[in-house]
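Peer 1: Read top to bottom, the protein sequences are chains S and L. Going by the working numbering, the first residue of the first sequence is number 1, and it counts up by one from there. Going by the working numbering, the first residue of the second sequence is number 1, and it counts up by one from there.
The reader is advised that the hints may include incorrect statements.
As the list claims (entries may be wrong) - To list a few chain S residues with every Cβ distance to chain L over 12 Å, as calculated:
| # | residue |
| --- | --- |
| 1 | G50 |
| 2 | L96 |
| 3 | P101 |
| 4 | R110 |
| 5 | R111 |
| 6 | T161 |
| 7 | G170 |
| 8 | D188 |
| 9 | A189 |
What the hints assert, rightly or not - Covered stretches of chain S, as calculated for chain L (at least 3 residues, CB under 8 Å):
| # | segment |
| --- | --- |
| 10 | 9-19 |
| 11 | 25-34 |
| 12 | 114-120 |
| 13 | 133-142 |
| 14 | 151-159 |
Hints listed in this document are in silico derivations from the structure and should not be mistaken for laboratory results. Backbone N, C-alpha and C fix where the C-beta goes; we use that ideal spot for every residue, glycine too.
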Amino acid sequence: MNVSHHLTDETLQDYACGSLAASMETLVACHLTVCAHCRLRSEAADQVGGVLLASAEKSAMRTSAGDVLAIRAARKPAVDPQPDAPTLQPGIPRPLARLLPKPVSQLDWRRVAPGIKQYDLGSEPRGKGAFKLLHLAPGLVLSDHSHIDRELTYVVQGCYTDEIGTFSTGDIADLDGNHAHRPVVSADAPCIALIATQSPVRYSGFFGRVMQRFVGI
Amino acid sequence: MCTTELSNADVVTRTDKPSADRTLTRAPDPAAAELRKTMGDALVAVGKHRDEQAFALVFDYYAGRIKSFLMGKAMNEDTAEELTQEIMLTVWRRAESYDPKKAAASTWLFTIARNRRIDYLRGNSRIEVELDDEILEVETTENDPQARYVADSQSAATLEAALAKLPQEQRQVMHLSYFRGQSHGAIAKWLNLPVGTVKSRIRLAMQSVRKELQGETDALDRDDFLDSD
Ligand SMILES: [Zn+2]
């Protein structure tokens, strides 16, 4: 996979410190699956956490190591839960594949606007903010809009092009601030994109605004 | 007590707004290096031999610090105490999987504590990359200059020195991120700063850290194109 659009430092740091919603973590983990470069940057962010932990001020503990081992001895041995065997979905990173009941082509897509279908992943307990797969028709042109809140987009299949460049399978658009965009889906194939937005009430991000305009979410 | 200067001074209150840039420089700390080795060896001994004395070493150094880390995100003391016990039990149980060639003890402990904090506060687990995923991208690792530091036993020391050299305003943002578990947006609100300012502090800090880890002077240029949005 030839990945060319990566996660920003601030998103990687938010991921390392545990301040992202599960939906956003899913997108980050998808990109980390296909991008060794960002995985290394993510490991560096964890190392920073380790150094900060090692140099932190100590709070007084009421329990000792011996107490903890005694608690352990009194309990049934704990077993770390093993995740279920993943659904095999060629080309789909497991953090996403685990959320899909069937292959992407057979999902119960809901048509929400001309050329746009969606599959909602935002059910509890994952959901604050939007979290969905979008199926965009070949050649679809989305109108101008800008980013205000945080939104992550992971390209699952196909590609689209905007002023920043071409986003293909594995790429992540980790953009906010004020960007004017006019994304165009490649003419030869549909584009399937996973999006997550930060807030449940405002959809001001990349695809979010488009969705809002079309379907009033 | 063996700590770096990154500790108390970085606990921030509303009245403790960042002052002018202040750069700390310091010589490598031999006591810190000794500590890293002690903790790494101790985790290995727990994993291999169920060594209770080695566990006590790790507990005595880290339990109180993990408790501070948990209380950083508005967790009350009783809860933090209990959760720290659970985390230390997890450390005991999983020590077998600790590989000193892959991670410093501090990194390993941090990820366990962080993940447990997420479980507790959110009620579901952190979503992580699965390293046995069929489509895991591994090829570029060898060609990536950042790959060099991952297996490097010196990296924790280098990183510590790099963090100590950061300007105070960048260290403050790092501390708020990791200890309070705040997103960069929340930090901006907390410090009453534009989001862009907080983002640029995080980027500068992470770039400095990576540059030190890579030991390459051109690292900043190399990373610029990645984050150029
Ligand atoms: Zn990447």
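Peer 1: So, against the hints stated earlier in the document, which numbers end up violated here?
Peer 2: 1, 2, 7, 12, 13, 14
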